[in-house]
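In the order they appear, the protein sequences are chains A and B.
Note that the numbering used here has the first sequence beginning at 1, numbered continuously upward.
Note that the numbering used here has the second sequence beginning at 1001, numbered continuously upward.
It should be emphasised that the hints constitute simulated quantities derived from the structure, not laboratory data.
Predicted model, so just to flag it, every value in this text is computed and none were measured.
You can trust all of the hints, since none of them are fake.
DMTMM-like, lysine to aspartate or glutamate: derived pairs with alpha carbons at most 25 Å apart:
1) 320(A) / 330(A)
2) 227(A) / 1114(B)
3) 1085(B) / 226(A)
4) 1155(B) / 64(A)
5) 202(A) / 1039(B)
6) 331(A) / 368(A)
7) 331(A) / 372(A)
8) 211(A) / 224(A)
9) 200(A) / 1042(B)
10) 1085(B) / 224(A)
11) 1085(B) / 1041(B)
12) 1007(B) / 237(A)
13) 348(A) / 269(A)
14) 227(A) / 1035(B)
15) 227(A) / 1034(B)
16) 1007(B) / 226(A)
17) 1185(B) / 1114(B)
18) 202(A) / 1041(B)
19) 1085(B) / 1035(B)
20) 201(A) / 1042(B)
21) 1155(B) / 63(A)
22) 227(A) / 1041(B)
23) 201(A) / 1039(B)
24) 1007(B) / 224(A)
25) 200(A) / 1041(B)
26) 1085(B) / 63(A)
27) 227(A) / 1042(B)
28) 1007(B) / 236(A)
29) 312(A) / 43(A)
30) 227(A) / 1006(B)
31) 201(A) / 1041(B)
32) 227(A) / 1039(B)
33) 227(A) / 1004(B)
34) 1085(B) / 54(A)
35) 331(A) / 279(A)
36) 202(A) / 1042(B)
Pulled from the structure, derived: some chain A residues nowhere near chain B, Cβ distances all over 10 Å:
37) 9
38) 123
39) 293
40) 302
Every residue, glycine too, gets a C-beta built ideally from N, C-alpha and C.
Given next are the chains, with one letter for each unit.
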Amino acid sequence: MVLRKSVLLPGTYYFSGNEAITEGAIAAGCNFYGGYPITPSTEIMERISVRFIDTGGVFMQMEDELGAIGSIIGASWAGAKAMTATSGPGFSLMQESIGYAVMTETPIVVVNVQRAGPSTGQSVRVASGDIMQAKWGSHGDYQIIAFCPWSVQEAYNQTVQAFNLAEKYRVPVFLLTEEAIGHLRERIEVSRNMEIFNRKKKPGAAPFGTKESDGVPPMPTFGEGEKLLITGSTHDEYGIRRVSSPSVQAKLTSRLNNKILNNRDKIIDYEVHYIDDADLLVIAYGFTARSALFAIEELRQRGKKIGMLRLKTLWPFADKTVKDISGKIEKIFVPEMNRGQIAGEVMKYVCGDVVSYSQTNGEVIHPETIAEQIRRLC
Amino acid sequence: MARDLEKYLRNRPTRFCAGCGHGILLGAILRAIDELGIDIDDMLFVCGIGCGGWIPSPNINGDSLHTPHGRAIAFATGAKMFNPKLKVMVISGDGDLMDIGGNHLLHAAWRNIDLTVICANNMLYGMTGGQACMLTPKDAYTQTTTQGNPYYPFKFCEVLAAAGTPYVARYAVTQPFQLIRSIKKALQTTGFTFIEAVSTCPTQFGRRNQLGTPSDMLKFLKEKCITRRKAASLSKEELKGKIVTGEFTDGED
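Could you put together the complete structure from these sequences and hints?
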């Protein structure tokens, strides 16, 4: 853990979400960006291509998203803190190599500025439709970490956290933001120092297996004489392919999943509002949580006892938290700009009433819409 | 002396079929590196999926990055651009580099990224059982061209050379000395360099095309391959079915 000066002078700035994500990446030490233009994420790539001139990072505009995700994985193994940003269609193209990054335990940060889908959809409109895809988009069973900011300040902070957790757990980390946040302009505070985490190094140690309790092996870099054997095939702790061994497959897939699941408590982040005496709990995230909080505060003024659990990380899912909090509150309401992707997860862990509210018209959910839906329930 | 090259290899047998030309290519690559005195720890080998991808990984005792199918050049670009001190060599098959990977290949050539690509051309997708791909000869029988391949093999080397790539060559494993010399030249040339190394697959290609033994396939290559100088003297008809070998960037044979 290293305290590093933010590259921006400390102070107050007026940024869009996309600009804040770029600056957060630079503050975290991002020094490689491989990208491809796609609305509504393109400003991230454009800004970083200019900022890297001053900060000394390497910028590549690749030929497609397959090239983008490939280039950041290659760069990460060459020692870089690497990032890319995209939206739905590009995110779909990246899935194969995301699985490769999981399997090879490559730290990378992938920003998805979510837009209305499916397919080309509405490039300039908002949705939260790619949440399940971030967790299940590549084939096979695996765990990833995903953040969801509700403000431009949080977009900045969570980008730094994303790099830190990618390095700490050697896993792809996603910033699942929404177009509404990407294009929102707000004041943010940039602090003098940030906590920065760098990957574990241990020359000569096995790069793909460990007996350490956190399940994270040290990570060599190309050119250190470690004679790295990196492969997406099932492999042993030295990277030797073991495609016929049931025990190696079981051991590897267990460790890759448990590496995240066993450290859930250190990864999952959330906050609560007005839950102590609540009769109804709203579970919300991202831009929708802003509307939800506004609606809740209005309803509270009219005597309705509504509380909110705001998810700040979406994966791993906060199953224990949801279970605990819902144990004391009978009704749960989950408003989303998708067709119930988080509501479905909530239902898995909660016995009581979970009402899923979907709005998928390309627009943000208005506080009045949330208030009206809640009024119908209680 | 005969076992000098073992210092470049991990101590395990290769997985190639008996008679696979990729073993000859692996030897040629290691000889080129050895003759140039390059420290293997300064190198990075990047490969894709397929028999060609198994040439460096896990055989070569150096850093290797075995990527998803077709993506070796994209991954290599990221590694090289972040750490230009790495001497990067991409070794992969014709289907991996030219079919699924063709776009990345064109773009690395366009950017003139300083790395060397060795395309192990066994004229089909071998690992998956012998399906046709871009460099399959016309009329050849493969798993997906059971009535004969309707397409001519694509002249990717010629395309790269025409686009201004610093060094482009095609040699067969039946031309080992030219191949070694060419690999050395590519490694010493700054910028994007590309060698199509024509190889043999007795198991998939040979078996279906009446060339079932390794020596049949090697003889086949010896007959099919002609030098550029020789090709210049042949008619279009006579050229059909021939593989033109040589360097495409400075006119040598």
